[in-house]
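J.: Chains as they are written, first to last, in our numbering: chain A, 1 to 153; chain B, 1001 to 1401.
Treat the hints as calculated values from the structure; they're not laboratory data.
Just so you know, not all the hints are guaranteed correct.
[Unchecked claim] Some chain A residues near chain B, calculated using beta-carbon distances under 8 Å: (1) Ser-31; (2) Val-34; (3) Ala-51; (4) Phe-53; (5) Ser-81; (6) Ala-88; (7) Val-92; (8) Val-100; (9) Pro-119; (10) Gly-125; (11) Leu-135; (12) Thr-139.
[Stated by the list, open to error] Which stretches of chain B does chain A cover? Using the computed rule of at least three CB atoms under 8 Å from a CB of chain A, they are: (13) 1130–1143; (14) 1157–1170; (15) 1208–1221; (16) 1250–1263.
[Claimed, not checked] Here are the simulated DMTMM-like pairs of lysine to aspartate or glutamate, each with C-alpha atoms no more than 25 Å apart in a straight line: (17) Lys-1098(B) with Glu-1283(B); (18) Lys-1098(B) with Glu-1242(B); (19) Lys-127(A) with Asp-102(A); (20) Lys-1177(B) with Glu-1317(B); (21) Lys-1166(B) with Asp-102(A); (22) Lys-1279(B) with Asp-1291(B); (23) Lys-1045(B) with Glu-1234(B); (24) Lys-1279(B) with Asp-1006(B); (25) Lys-1398(B) with Asp-1006(B); (26) Lys-127(A) with Glu-1234(B); (27) Lys-1398(B) with Glu-1317(B); (28) Lys-1166(B) with Asp-1269(B); (29) Lys-127(A) with Asp-1269(B); (30) Lys-127(A) with Asp-1291(B); (31) Lys-1166(B) with Asp-120(A); (32) Lys-1279(B) with Glu-1290(B); (33) Lys-1275(B) with Asp-102(A); (34) Lys-1166(B) with Glu-74(A); (35) Lys-1275(B) with Glu-1242(B); (36) Lys-1166(B) with Glu-78(A); (37) Lys-1166(B) with Asp-38(A); (38) Lys-1275(B) with Glu-1317(B); (39) Lys-127(A) with Glu-67(A); (40) Lys-1196(B) with Glu-1317(B).
All C-beta atoms in this analysis are idealised placements derived from N, C-alpha and C, irrespective of residue type, glycine included.
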Amino acid sequence: MDLHGGNGQTDAMSTISTTSTPTSSPIAHVSYLVLGDDPHLVANECVGCGARFFDRRNACAGCFGTEFRQVAIETTGEVRSFTIVTFAAPGVPVPFVAAVVDCGGTSVRANLVNVEPSPDHVRLGMKVRLVLTSLGTDTQGVEAVSFAFEPNS
Amino acid sequence: MASSSDIWILGINMTKFGKHTDKDIVDLGAQAAMAAVADAGVTMKDIGILAAGNLMGRGAIAQSLQKQIGQTGIPAYNVSNACATGATALRVAIMAIKAGETDMGMAVGVEKLAGAGLLGASPAKSSDGTWQREGRYGAVAGIDGRIGTDNMPGTFAQVGMEYGHKYGGVDFELFAKISEKNHAHSTLNPLAAYTKAMSLEQIMNEPMIAYPNTRAMCSANCDGAAAAVVVSGEKLRTLSLEQQRRAVKVSASILTSDPYQEACQVLPDVNTLTKIAAKQAYEQAGIGPEDLSLVELHDCFATAELVHYDNLGLCEEGGAVDFFNSGAPWRHGRMPVNVSGGLQSKGHPIAATGIANIWEVCQHLRSEAGPRQIEGAKVGLAHVIGLASACGIHILEKSAA
Chain A
1 MDLHGGNGQT
11 DAMSTISTTS
21 TPTSSPIAHV
31 SYLVLGDDPH
41 LVANECVGCG
51 ARFFDRRNAC
61 AGCFGTEFRQ
71 VAIETTGEVR
81 SFTIVTFAAP
91 GVPVPFVAAV
101 VDCGGTSVRA
111 NLVNVEPSPD
121 HVRLGMKVRL
131 VLTSLGTDTQ
141 GVEAVSFAFE
151 PNS
Chain B
1001 MASSSDIWIL
1011 GINMTKFGKH
1021 TDKDIVDLGA
1031 QAAMAAVADA
1041 GVTMKDIGIL
1051 AAGNLMGRGA
1061 IAQSLQKQIG
1071 QTGIPAYNVS
1081 NACATGATAL
1091 RVAIMAIKAG
1101 ETDMGMAVGV
1111 EKLAGAGLLG
1121 ASPAKSSDGT
1131 WQREGRYGAV
1141 AGIDGRIGTD
1151 NMPGTFAQVG
1161 MEYGHKYGGV
1171 DFELFAKISE
1181 KNHAHSTLNP
1191 LAAYTKAMSL
1201 EQIMNEPMIA
1211 YPNTRAMCSA
1221 NCDGAAAAVV
1231 VSGEKLRTLS
1241 LEQQRRAVKV
1251 SASILTSDPY
1261 QEACQVLPDV
1271 NTLTKIAAKQ
1281 AYEQAGIGPE
1291 DLSLVELHDC
1301 FATAELVHYD
1311 NLGLCEEGGA
1321 VDFFNSGAPW
1331 RHGRMPVNVS
1341 GGLQSKGHPI
1351 AATGIANIWE
1361 VCQHLRSEAG
1371 PRQIEGAKVG
1381 LAHVIGLASA
1391 CGIHILEKSA
1401 A
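Isolated chain A, as found in the complex (with noise of 0.2 Å):
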């Protein structure tokens, strides 16, 4: 992953093309999210403190420590908080609902799919588990892949 703790990491491109032959092999959105056969988010997890980083630290912002590991983070939880974007920059879809979803204690910023965009059916405080989303294909016909979370009832 291209997350780069203390320790060294390795590139997300051959982390995620390890299961299937390059050219076909989908790509992640982002590079915490790892896809395969058991897809979920990873991060890099501060050795003295067990603060969690999604994108690279040179230290942790918790304790300054500067070792790192990288961690699988849970891929159920619950909805901290959300938002129904109805209005929203040019060329993003709306509406959506975006929410933090705590992850085992993890917090993961995320859309929330495959429920109503309405008051009346996202809950604080529901149960969602971590889906993948396409985002197309480019040119070379590879297809991009995303995340969200959905109701896990």
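Chain A is already provided as a structure; the job is to place chain B on it using the hints.
T.: Leaving out everything else, chain B in the frame of chain A:
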């Protein structure tokens, strides 16, 4: 009486907020600066440091202002700290005086935002060609709208909803009622961008921007400027009795940034740094929230105002909903909040906001607030938040002279 180590606001001004089509940024900032030195009873010759901010412009606003109103060779600082830019500029001037480098300084904040669209949103990236990783998350396509939201109404909507998840009792109507209060207050403020009262029904039926914030519950993009002249207590004692009488004491001047919190990389944490700033400010001023006559807090969205009741200690922890429902923050309530109309109706010309809220408090402490005067106002607090993140808090006290 002015003690030599005190800092005082000697003069302050806020322009009308709204559309200033006939003025550019320099014209508008110069208008506020000229009015502030006039209000202070001094000239640019007396000013020993200038700190100025303009977030969306081309930079070097301080020097541009000097060329417009008086070049005297003093140190000029260009300040940028998001929505806390104005308060940060004021802090810079205050720190220069406290450091003994000068005895008088000026801070200016100016912005032209009328007609600006949604702030914080990033346009969707075109994905022609092949996927390429970019940025700190190695994204092959835009993140805004696909992995949560970058836009400000949505970000602050989540700030309010998160409070609701933690403590309960929030819904769309509650947030709309907060907006109803501020729009009602704005009817008494001729300098506000919008001065019309709006019914709860009107507010809830406005176009939804990011649930639960409708358009009326979002801060208004507009043009505006504000400027303040600050002076040392020692210098103030040499000035006229009238200047001493109108001077407003800066009992606390605090700026904080956000300390690490678990979720702060996912959703800006506007709470912790405000709580820390408030604690420091009350300690520095030697007062408590119960001593405040009025508060101007950073209601960039209705959902933000709620959490700051709690963050500023205006209620007990978790008690913001009850605090609002008690009627306390209405202008005739126990703890008037945003009697200016707040950012939702007064407007939010970003770099001006952190001085404009201090101007509002000063108007009341000097008994010059006209029809919206909070009677007997003695102490006031002005608060701003800039993402991600800076918090400025100033506590101001009426002159005893």
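J.: Now tell me, hint by hint, if it's right for this structure.
T.: Hint check results:
1. Interface hint status for Ser-31(A): upheld, as the beta-carbon distance to the closest one in chain B is roughly 3 Å, under 8 Å.
2. With a cut of 8 Å, the hint placing Val-34(A) at the interface with chain B is violated, because the nearest CB-to-CB distance is about 12 Å.
3. Of the supplied interface hints, the one on Ala-51(A) holds, with its beta-carbon coming within about 7 Å of a beta-carbon of chain B, less than 8 Å.
4. Here the hint on Phe-53(A) is kept, as its CB sits about 6 Å from the closest CB of chain B, short of 8 Å.
5. The beta carbon of Ser-81(A) is positioned within 8 Å of a beta carbon in chain B (closest approach about 4 Å), and the interface hint is therefore held.
6. With its C-beta approaching chain B no nearer than about 6 Å, Ala-88(A) sits inside the 8 Å limit, and its interface hint holds.
7. With a least beta-carbon distance of about 3 Å to chain B, the hint placing Val-92(A) at the interface is held under the 8 Å criterion.
8. Because the smallest distance between the Cβ of Val-100(A) and any Cβ of chain B comes to about 5 Å, under 8 Å, the interface hint for this residue holds.
9. Because the closest C-beta pair between Pro-119(A) and chain B is about 6 Å apart, less than 8 Å, the hint holds.
10. Hint on Gly-125(A) holds. Least Cβ distance to chain B is approximately 6 Å, under the 8 Å limit.
11. The restraint placing Leu-135(A) at the interface with chain B holds, with a minimum CB-CB distance near 5 Å, inside the 8 Å limit.
12. About 6 Å separates the beta-carbon of Thr-139(A) from the nearest beta-carbon of chain B, less than 8 Å, and the hint is met.
13. As drawn, the region 1130–1143 of chain B meets chain A at 11 residues by the rule of a beta-carbon pair under 8 Å; at three or more, the given contact holds.
14. Beta-carbon proximity to chain A at under 8 Å applies to 7 residues in the region 1157–1170 of chain B; the threshold of 3 is reached and the given coverage holds.
15. Only residues whose beta carbon comes within less than 8 Å of a beta carbon in chain A count, and the region 1208–1221 of chain B has 6; three or more means the coverage holds.
16. Requiring three or more residues with a Cβ within less than 8 Å of a Cβ of chain A, the coverage given for the region 1250–1263 of chain B holds, as 3 such residues are present.
17. Restraint check: the Cα-Cα separation between Lys-1098(B) and Glu-1283(B) comes to about 18 Å, which is no more than 25 Å; the hinted pair holds.
18. Restraint check: the Cα-Cα separation between Lys-1098(B) and Glu-1242(B) comes to about 24 Å, which is no more than 25 Å; the hinted pair holds.
19. For the given pair, Lys-127(A) sits about 10 Å from Asp-102(A) by alpha-carbon distance, which is consistent with the 25 Å threshold.
20. With a C-alpha separation of about 21 Å, the suggested pairing of Lys-1177(B) with Glu-1317(B) holds against the 25 Å cut-off.
21. With a C-alpha separation of about 13 Å, the suggested pairing of Lys-1166(B) with Asp-102(A) holds against the 25 Å cut-off.
22. The straight-line distance between the Cα atoms of Lys-1279(B) and Asp-1291(B) is roughly 14 Å, inside the 25 Å bound, and the hint therefore holds.
23. For the proposed pair Lys-1045(B) and Glu-1234(B), the alpha carbon gap of about 18 Å is at most 25 Å, so the pair holds.
24. With a C-alpha separation of about 20 Å, the suggested pair Lys-1279(B) and Asp-1006(B) falls inside the 25 Å cut-off, and the hint holds.
25. As the CA atoms of Lys-1398(B) and Asp-1006(B) are separated by approximately 13 Å, the hinted pair is consistent with the 25 Å bound.
26. Proximity of Lys-127(A) to Glu-1234(B) is assessed by CA-CA distance (about 62 Å); at most 25 Å being required, the pair is judged violated.
27. Proximity of Lys-1398(B) to Glu-1317(B) is assessed by CA-CA distance (about 29 Å); at most 25 Å being required, the pair is judged violated.
28. Taking the CA atoms of Lys-1166(B) and Asp-1269(B), the gap is about 14 Å. The hint holds against a cut of 25 Å.
29. Between the alpha carbons of Lys-127(A) and Asp-1269(B) the distance comes to roughly 23 Å, so the proposed pair stays at or under 25 Å and holds.
30. Only pairs whose Cα atoms come within 25 Å are accepted, and Lys-127(A) paired with Asp-1291(B) is rejected, the gap being roughly 44 Å.
31. For the hint pairing Lys-1166(B) with Asp-120(A), the CA-to-CA distance comes to about 19 Å; that is within 25 Å, so the pair holds.
32. Proposed proximity of Lys-1279(B) and Glu-1290(B) is supported: the alpha carbons are some 13 Å apart, at most 25 Å.
33. Annotation: proposed proximity of Lys-1275(B) to Asp-102(A) holds, straight-line Cα distance about 23 Å (limit 25 Å).
34. A distance of roughly 22 Å separates the Cα atoms of Lys-1166(B) and Glu-74(A); the hinted pair therefore holds under the 25 Å criterion.
35. In summary, the hint linking Lys-1275(B) to Glu-1242(B) is not supported, as the alpha carbons are separated by about 36 Å, beyond the 25 Å threshold.
36. For a cut-off of 25 Å, the pair hint linking Lys-1166(B) to Glu-78(A) stands: about 13 Å separates their Cα positions.
37. At roughly 32 Å between alpha-carbon atoms, Lys-1166(B) and Asp-38(A) are farther apart than 25 Å, so this suggested pair is violated.
38. A distance of roughly 11 Å separates the Cα atoms of Lys-1275(B) and Glu-1317(B); the hinted pair therefore holds under the 25 Å criterion.
39. Under the criterion of a C-alpha separation no larger than 25 Å, the hint pairing Lys-127(A) with Glu-67(A) is inconsistent with the structure, at around 33 Å.
40. Between the alpha carbons of Lys-1196(B) and Glu-1317(B) the distance comes to roughly 33 Å, so the proposed pair goes past 25 Å and is violated.
In this structure, the earlier hints numbered 2, 26, 27, 30, 35, 37, 39, 40 are contradicted, and the remaining ones agree with it.
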